[in-house]
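Residue numbers (our numbering), protein chains in the order written: chain A, 129 to 427; chain B, 129 to 427; chain C, 6 to 296; chain D, 6 to 296.
Hint data in this document are derived by calculation from the structure and do not stem from the laboratory.
One side of the interface only, derived from the structure: several residues of chain A facing chain D at Cβ under 7 Å: (1) Thr-153; (2) Asp-155; (3) Ala-158; (4) Ala-159; (5) Arg-161; (6) Ala-162; (7) Gly-166; (8) Arg-170; (9) Ala-187; (10) Leu-194; (11) Glu-196; (12) Ala-198; (13) Phe-401; (14) Arg-402; (15) Asp-403; (16) Leu-405.
Since this is a predicted model, take the numbers as computed values, not measurements.
Don't be surprised by glycine CBs; every beta carbon is placed ideally from N, CA and C.
These are the residues of each chain, in order.
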Amino acid sequence: MSTLAGPTTLCGIELAHPIINASGTFDAIAARRAFGDGVLERFPFSAYVSKTITPEPRAGNPPPRLWEEAAGLVNSIGLPNKGLAGFLESDLPVLAALGVPLIVSVMATGAERFAPLVEEVAARSEVAALELNVSCPNVHSGLIVGEEPEETAALMRRLRPLTAKPLIVKLTPNVADPAQIALAAEREGADAVSLINTIKAAPILADGSHWLGAGAGGLSGPAVRTIALRQVSEVAAAVQIPVVGMGGVERGADAAALLAAGATVVAVGTASFRDPLAAARVRSELGRLVPVAGGREQA
Amino acid sequence: MSTLAGPTTLCGIELAHPIINASGTFDAIAARRAFGDGVLERFPFSAYVSKTITPEPRAGNPPPRLWEEAAGLVNSIGLPNKGLAGFLESDLPVLAALGVPLIVSVMATGAERFAPLVEEVAARSEVAALELNVSCPNVHSGLIVGEEPEETAALMRRLRPLTAKPLIVKLTPNVADPAQIALAAEREGADAVSLINTIKAAPILADGSHWLGAGAGGLSGPAVRTIALRQVSEVAAAVQIPVVGMGGVERGADAAALLAAGATVVAVGTASFRDPLAAARVRSELGRLVPVAGGREQA
Amino acid sequence: MPAAASGDPDGRVLAPFGRRRGEVVANEPSGRYRIISAVDASGPMPAAGQFYMLAAAERWGGDGGRPFLPRAFSVAAAERSDDGARLSFLLEDVGPGTGRLAELGAGEGLMLTGPLGRPFSPPRDLNPAAAGAILVGGGVGLAPLAIWRRALAARGVPERTLLGFRDREHAGGHELFRCSEVRVASEDGHAGHRGYVTDLLERMLGGDSAATAVVYACGPPAMLEAVRLLCAELEVAAELAMEAPMACGFGACFGCAVPLAAGGYMRLCVDGPVVNAADVETALVAGAGRR
Amino acid sequence: MPAAASGDPDGRVLAPFGRRRGEVVANEPSGRYRIISAVDASGPMPAAGQFYMLAAAERWGGDGGRPFLPRAFSVAAAERSDDGARLSFLLEDVGPGTGRLAELGAGEGLMLTGPLGRPFSPPRDLNPAAAGAILVGGGVGLAPLAIWRRALAARGVPERTLLGFRDREHAGGHELFRCSEVRVASEDGHAGHRGYVTDLLERMLGGDSAATAVVYACGPPAMLEAVRLLCAELEVAAELAMEAPMACGFGACFGCAVPLAAGGYMRLCVDGPVVNAADVETALVAGAGRR
Ligand SMILES: Cc1cc2nc3c(=O)[nH]c(=O)nc-3n(C[C@H](O)[C@H](O)[C@H](O)COP(=O)(O)OP(=O)(O)OC[C@H]3O[C@@H](n4cnc5c(N)ncnc54)[C@H](O)[C@@H]3O)c2cc1C
Ligand SMILES: Cc1cc2nc3c(=O)[nH]c(=O)nc-3n(C[C@H](O)[C@H](O)[C@H](O)COP(=O)(O)OP(=O)(O)OC[C@H]3O[C@@H](n4cnc5c(N)ncnc54)[C@H](O)[C@@H]3O)c2cc1C
Ligand SMILES: Cc1cc2nc3c(=O)[nH]c(=O)nc-3n(C[C@H](O)[C@H](O)[C@H](O)COP(=O)(O)O)c2cc1C
Ligand SMILES: Cc1cc2nc3c(=O)[nH]c(=O)nc-3n(C[C@H](O)[C@H](O)[C@H](O)COP(=O)(O)O)c2cc1C
Ligand code: FES
Ligand code: FES
Chain A
129 MSTLAGPTTL CGIELAHPII NASGTFDAIA ARRAFGDGVL ERFPFSAYVS KTITPEPRAG
189 NPPPRLWEEA AGLVNSIGLP NKGLAGFLES DLPVLAALGV PLIVSVMATG AERFAPLVEE
249 VAARSEVAAL ELNVSCPNVH SGLIVGEEPE ETAALMRRLR PLTAKPLIVK LTPNVADPAQ
309 IALAAEREGA DAVSLINTIK AAPILADGSH WLGAGAGGLS GPAVRTIALR QVSEVAAAVQ
369 IPVVGMGGVE RGADAAALLA AGATVVAVGT ASFRDPLAAA RVRSELGRLV PVAGGREQA
Chain B
129 MSTLAGPTTL CGIELAHPII NASGTFDAIA ARRAFGDGVL ERFPFSAYVS KTITPEPRAG
189 NPPPRLWEEA AGLVNSIGLP NKGLAGFLES DLPVLAALGV PLIVSVMATG AERFAPLVEE
249 VAARSEVAAL ELNVSCPNVH SGLIVGEEPE ETAALMRRLR PLTAKPLIVK LTPNVADPAQ
309 IALAAEREGA DAVSLINTIK AAPILADGSH WLGAGAGGLS GPAVRTIALR QVSEVAAAVQ
369 IPVVGMGGVE RGADAAALLA AGATVVAVGT ASFRDPLAAA RVRSELGRLV PVAGGREQA
Chain C
6 MPAAASGDPD GRVLAPFGRR RGEVVANEPS GRYRIISAVD ASGPMPAAGQ FYMLAAAERW
66 GGDGGRPFLP RAFSVAAAER SDDGARLSFL LEDVGPGTGR LAELGAGEGL MLTGPLGRPF
126 SPPRDLNPAA AGAILVGGGV GLAPLAIWRR ALAARGVPER TLLGFRDREH AGGHELFRCS
186 EVRVASEDGH AGHRGYVTDL LERMLGGDSA ATAVVYACGP PAMLEAVRLL CAELEVAAEL
246 AMEAPMACGF GACFGCAVPL AAGGYMRLCV DGPVVNAADV ETALVAGAGR R
Chain D
6 MPAAASGDPD GRVLAPFGRR RGEVVANEPS GRYRIISAVD ASGPMPAAGQ FYMLAAAERW
66 GGDGGRPFLP RAFSVAAAER SDDGARLSFL LEDVGPGTGR LAELGAGEGL MLTGPLGRPF
126 SPPRDLNPAA AGAILVGGGV GLAPLAIWRR ALAARGVPER TLLGFRDREH AGGHELFRCS
186 EVRVASEDGH AGHRGYVTDL LERMLGGDSA ATAVVYACGP PAMLEAVRLL CAELEVAAEL
246 AMEAPMACGF GACFGCAVPL AAGGYMRLCV DGPVVNAADV ETALVAGAGR R
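Okay, chain A solo, but in the shape it has when bound (with noise of 0.2 Å):
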């Protein structure tokens, strides 16, 4: 079992061990600023997501984002993000010496903006591969593709052909069957699905004024846990393709079920928000942990 916490592969990229970071809940960047090489010395994810680029840059949502709830977190970002040109001038080559495979989570509105943004940032020698966001429901793009498995495979079978890098699919969870989604993204070529990605919501205060600058967000965190642990679930019996699991992440056991759920990596995101080292935590819990048949872990 101590093995659960070693080696992996993920597409052809190997991996220390299969804790890495979800989209969003990691700037490596700033991180540096706030805690120096520190960062470097100890990074805890064994490949790093960036955050989510699209073609142009984004000044993201009005304040406030964020919304605490019971055992979650609300929040509704809005893809800030320098653009593809920023990004690739000043964040990828910062990111490429953080000295673990590099995944570039990317969304376009539409295939025909998604296809360069694809084109460019495979073309870069320094990303392993590219997470393909097409379920950020905080950004009002119009259509969401990843709601419907014929958008999901449109949009793939114009992207497939632009990279031989791997091309991870991340889900959205807001759908009655995610496995139809994964399953249209295995059919044109995806090399990997990711979910669950936040789970539509709004805090709305007892006079009716929505609390968020946007209105609405997306739940993450312990409560969306079991959710998430039924898509995983689902989603990997569905596909041959492996499956990058995430929602909820606090403690090895939590790693650890997404495992056996069928997951192949497992993401940590809004609990690195509490602690910045609690992928390393997860991490050392998940290769101590001893299984009790049938029992709750104590990690």
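Since chain A is already given, all that's left is putting chains B, C and D with the ligands on it; use the hints.
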């Protein structure tokens, strides 16, 4: 604001206040066995919604049926009930004596089995309205009607002519866009919609085993509160018919938020498990509530 | 899942509707367990075998996470006091709920709903030829037997008690059997018979005329199942105080399903927790007692 | 939201990566607030204006509900002690997080990440003609000014402090300004000038040559906004220690957006919390300070 907790109407049914129970979370008959006549004297709900009744008796799912999660409960009860005949004979007369309007929740696999169920229940004078459960994630009924607008519309077309009594469609939250389902139900004559039902979830242990006897279940409680708020506000904005809002209500402020989001009536579910009189507390907090503009309420 | 007969002529004491706040007056270790006592100012005296749903008044549910739902505990002792009923519970710390309760100090609030469920039946109701009662307990299962033994003694019913413990560490709850004659078995042999408490029961039912015996058992599922099988084989009347995961305790959630011998399920919270051994398919209820 | 310049030549002290456990050594009331001190065995001494993300070691997050995320607090005092840095925080109990922290007793664990963020800049960096520093504080905004005043005094920089309080009840944190000359305004007139602290500031900047002034302010958003507008009008250099809702404190979540005068947003946790008043569009950050 204190009128918030006063009399209201739902599809023409007069209610002493806007707090009712969520189907399957308060068995008034069993409660009398535990608490005696106190249940009648201090009945906390302004209408009583029965647990979902099916055409034939059901034993329910194999245990375990419950899993406690951070700020939530995952259940896979599996709709144990006496079946239509048993319900009409033994339960209905007792429920009719509760002194509040009676809403009977019904479910069947397919329109042809649904029809006689609706007809027979609606024919009983004790019944004020019917709730159509088209969404229960615990029963493996093949197709889940409530996940497709067209399926929901077709079911309503079959059922609507059978009775003049109010038909309340209970929506599933496990869809990308619940407003589409609500609109379909409204178009075909639904008198109200209620939401949210539980969210598909599966407690999977670190060794990969499923904790629940039925494998998967549905998440309820505070963990789903902001998801419910989002769905209720979206649905209420889309339809003209009244909305029964529920999901994670624990305090008066939670009920106020659902009302502010567009619900006419609020149902208390899981909270009753911790405190059989939770709904009475919710109602009295609601009555006392003085919303601080833009602030988190203190109940 | 047909509901039990209405009327419930089973001696159950009804609970006040809703939950109320009791006050913890003592919390003492007892072997590996703790005995927590609280004063319930407004509730009735419970019948032996009934249980309460308990939650700490602070840091439980609400905005919090786990523990979220209340937890079920058999009442182990109940005494009238000037302030109301003084209720005692024997508690094993196995998770977040029992852990939180175990740390409650005197003066702190204990939310309680109860007494709930079906209590033990008098021996003669189970076997008209009953000569007395045999109580068989293990682990925290001592709790309902302790209050039942007192009730039997008060009614002048002769009773013999057999208690089983895994090892010295797990021996606890003895205090509840003060001034009573008890035979003990321990798996590690540190006290009494080395082996299972059911060995003692088997011997007793063999020596005795099984025809006049009535057995009341509470303990870990494996022990209860052994008792159930033995009593079925020897045709001895028996009641088991069982456990199942419970969310509500008053029949609201249908979570506490226990398979019936006749097929289907009962709700243990309203049709139990004390059940006739002949009525259940098994005492090994999935989800219960995996501690 | 363009990230700030790399290198951050702003005097910030870097935090050890990860969070660590400190030990609470004191928790005293101070008016309506509390001053909580903890020993941080392994962390560095912070710079004035920096903050920490704090959480109680027990009953916070994990399996629990709210408080779930850590909470941000400006360090109010830092002293070297034999056991490490002794850090003090001035804390107003306004919700579940501050409520939980407020009840921590000596000996209990305090999880801390920090020091974080951009500290105050020396007066001469803001205005080469600076004659000294004017500190303007209100409410719990006294905290970063208290440590800054000490740092200025240690460097021999003349400083004048103006503090505002709503009413007698809200006056707290005075202790942190022991042995220093302070002018006070109170809205209810119970102490010093009846009115706003910005009245005092306006008078001071009027009497003074505004050309040699540098203002450092921390307090409720409305007060900060008044300071910002006044300094903009009089062309006085000013730094504001601001607040915004924070989930992480180290640039990970992008939640702490503060609108920039030049358009877009900064992340207050890494580009602040001390900001040049000229850089922000407003000090009225949505979601902050609604207490
Ligand atoms: C009628 C009745 C009477 C009872 N009387 C007593 C009594 O007198 N004294 C007493 O100490 N207890 C009693 N119990 C049991 C008590 O209710 C439980 O021990 C308690 O609910 C456990 O809560 P917890 O939060 O501490 O632990 P939980 O974490 O809820 O569960 C405790 C243990 O159960 C097992 N378990 C629970 N959930 C899972 C899971 N998801 N996966 C695997 N294993 C799981 C685990 O081994 C775990 O350690 C009684 C129960 C019933 C129904
Ligand atoms: C850099 C920085 C430094 C700080 N320094 C200090 C300090 O030195 N001392 C200090 O006491 N505080 C300080 N704060 C503020 C402190 O972080 C907050 O008071 C704390 O996070 C509140 O947490 P809580 O759980 O107690 O209350 P929460 O419930 O999280 O919020 C507190 C208050 O904010 C408002 N609020 C929050 N969420 C909502 C909502 N959803 N709807 C409406 N209103 C809402 C409410 O009025 C509420 O009472 C600082 C903040 C920052 C960013
Ligand atoms: C503040 C925040 C920002 C996020 N930003 C992104 C993003 O840019 N792209 C993306 O694909 N997912 C984003 N996510 C979703 C996470 O990657 C992850 O799918 C989700 O939070 C569930 O995991 P968790 O419960 O461990 O946080 C974000 C989540 C949070 C909380
Ligand atoms: C134990 C349990 C049983 C339920 N049974 C039913 C049911 O029979 N029919 C139904 O429509 N909904 C059922 N529900 C869903 C609730 O009615 C409600 O929609 C949901 O729990 C959300 O509300 P809550 O968070 O307040 O519990 C059940 C929920 C629980 C927790
Ligand atoms: S515990 Fe809820 S029905 Fe028995
Ligand atoms: S608080 Fe998370 S980025 Fe600033």
